[in-house]
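Participant: So the chains spell out like this:
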Amino acid sequence: MGLATFKGGIHPPDKKILSASSPITATKPPKIIVIPLSQHAGAPCKPVVSIGQEVKKGEMVGEPGGFVSAPVHSSVSGKVIAIAEFQNAMGRMVNSVVIENDLKEEWTALKDSPDYMNLPAAELKEKIKAAGIVGLGGAAFPTSVKLSPPKEKPIDVVIINGAECEPYLTADYRLMIEKPKDIIEGLKILMKILGVSKGFVGIENNKPDAVRKMQEAAKGASGIEVLALEVKYPQGAEKMLIRAVAGREVPPRGLPMDVGAVVQNVGTALSIFEAARYGKPLIERVVTVTGEGIKEPKNLMARVGTKISELIEECGGFRDDVAKVVAGGPMMGFALSSLDVPVTKGTSGVLVLPEEGVMHAEDYGPCIRCGRCIDVCAMGLMPSMLSILSEKGMYEEAKEYNLFDCFECGSCAFVCPSKRPIVQLVRLAKSMVKP
Amino acid sequence: MEATKKEHELIVSVSPHVKSEETTSRIMWTVSLALLPAFLSGVYFFGLKALFITALCVVSAVVFEHFYLKLVNKKSVVGDGSGFLTGLLLGMNLPASLWSFSPFTVHVPIIATFVAVVITKQLFGGLGYNVFNPALIGRAFALISWPRAMTIWMTPTASFLTMDAKTTATPLGILKEAGMSELIKVFGDKVSLYEHLLTGNRAGSIGETSAIALLIGGLFLLYKKYITWHIPVSFLGTAALIAWVFGQKGALFAGDPLIHLFSGGMMLGALFMATDYVTSPSVRKAQLIFGAGCGALTMLIRLKGGFPEGVMFAILIMNCFAPLLDRGFRSKVFGAVKTVKEIKK
Ligand code: SF4
Ligand code: SF4
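Top to bottom, those sequences are chains A and B.
Going by the working numbering, the first residue of the first sequence is number 20, and it counts up by one from there.
Going by the working numbering, the first residue of the second sequence is number 97, and it counts up by one from there.
A portion of the hints provided could be inaccurate.
Claimed, not checked - Here are the computed lysine-lysine pairs in the DSBU-like style, where the Cα-Cα straight-line distance is at most 35 Å:
hint	chain 1	residue 1	chain 2	residue 2
1	B	K321	A	K411
2	B	K381	A	K453
3	A	K170	A	K148
4	A	K217	A	K299
5	B	K166	A	K438
6	B	K171	A	K438
7	A	K34	A	K47
8	B	K428	A	K217
9	A	K34	A	K65
Said to hold, decoys possible - If you want the ones that stay clear, here's a sample from chain A, every Cβ over 12 Å from chain B, calculated:
hint	residue
10	A45
11	V113
12	K130
13	N137
14	F160
15	K211
16	M351
17	I387
In short, the hints are calculated from the structure, not lab data.
We put the CB at the ideal spot given by N, CA and C, even for glycine.
Working from the sequences, and respecting the hints, build out all of it.
Facilitator: Now the structure itself:
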């Protein structure tokens, strides 16, 4: 029998070897950090500090601006020198708190709880909320919201996403190798909060050592199963992962909770453990800095607010013919126009691509209706039609072809022999019509 | 700042930032390559005439496409190989006897190519937008305009330089006019008939006669995943079934499916013409219906129609339904079918 998986999908070259063997190392303390007040899906934070104020490491600088929101904290000790709009990785201007590091690394008082497993669920949830934890896989959805499902949607399974199906990225892989016990503890905490007796960890089978480490760490933990999954992009997409691990399909436009599942990424699970155990807020994360265009690919423990350009320097700088720098992975990441943007909670990687291999947007041809995109679309859509209709400005018709079920995984554009910018055309169409 | 010196030259484009190596032109050239065995066998059996006719079509296709695109101020796409492939397919669908100067019929392939490349393909919007298979429209046009010239079939001679070949009838022609026993008599016995059909030693269009050479090319494309099994299998399967059930006059379940599969343009049609991306459905389920339709219509024309051969018209008719079939057989959106599985504790 084959490994668990889903229908469709692609096999891009995984290129993880570039950075897979580099252990997670801390970056040099940044002199200045820029903390965007909106790093998550949902309402932006309100600043709770003022210019000139001294802050400690781990101190809250922005409070949640609504239910779907998460606080942000300072990742250094120092002085607030500005609160103003700065560009983020997506190219948008976001209100941000700028702090000058005094290099004293003074922590704010954190509440240690050695017996965290005996705390009531509500208190654990409160800790997660206060720590500003969001999904670290890229979407940055506030975790506390996922942990508060409405009554009519009972949750019966928690899945830790260790698929890391994006090529090049190795941040989650390193965490599973280096901190498997803590990740399993994070899963146990999630299961306790949700009152669930079944937990899974799903890992793509191109990381057999991670599967082994996690299985060892899970030994003896009741109800926890570590599964090796078929290596196929987008195996780590929530819906595909739930399909592979639990055999359930989330309905179109639905959420995992519609089928009783909560999915969290391995990095998130680790942060959950650290928040519950040490009261540590989410102020740093693992960022894979990699690609053929970087001198020394590394997995860095980077503080939120560090500039991308500093991470690049930390890795020896660019090789000669760099053409593109991407925040995130090659399939769904954002190409950066400036390196002067900060690492946020959702930054899983910085990918540096050399000139060769970079497609120029205008070099695409007509759809030859080869059907490759249809075969690979994990959502069962017709990307060919979506792209043609969008190109012709027929956005309403594109809606009939389930435009809004596309989650922009990029598999279709990857396989297209005509190199059609399908994702770009899908985004255009989405912006022109209401769902 | 050494590391950021690139700042102003960074390319910003929408994800994904990596793409597969497959390109349209690679597909077109590979399909052309897959046609090579069948083409070579055509040249082997029909001599230099076959070579000249095919070359004429290929050159005219490339030239017409190039100048048409220039005329309408579009970027020339000759390098993408699709014009070359159309010319090649058209040439392989014509009788070698067209290379004749008295009566003069050398203009027929040129005009047919014009109809294929300029009218059927470019006037409909170019690659990707044509409704009908260009090579088949070119051939249909020639057949309707010059019905006599298009049905002069040379005896396969296997003598490469012969320019004045004897003419004869195609196996399907004999089958239609004189029946099965006569067909077997012409080739001696049944085994010899099969042998001739498989190797291509029989009258017919340049590239359609050698079932083996076509199968080699088709299997190569299947192996390279440039085509999928859906259309060829449903096409050939349906045709074989109908040939078996209704193939014999006066008796059910007594027909000979193999003769039908290996004669006429069946192999060339099912493996290379009906599988044309642009003019066939792209949803796999729809392709099954499309192929079955092609097979059924082919046999309907062969058994009941006025022509001995029906592959060309069958595919052209099904071409009209390709978009409709795609719409009708769209796959279900992920999650549309409810699946809630209990998790074993
Ligand atoms: S892969 Fe590209 S060329 Fe093929 S059907 Fe899809 S959009 Fe068209
Ligand atoms: S980007 Fe959208 S249409 Fe393309 S494969 Fe992914 S889900 Fe399907």
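Participant: Go through the numbered hints given earlier and state which of them the structure violates, listing their numbers in rising order.
Facilitator: 9, 16 and 17
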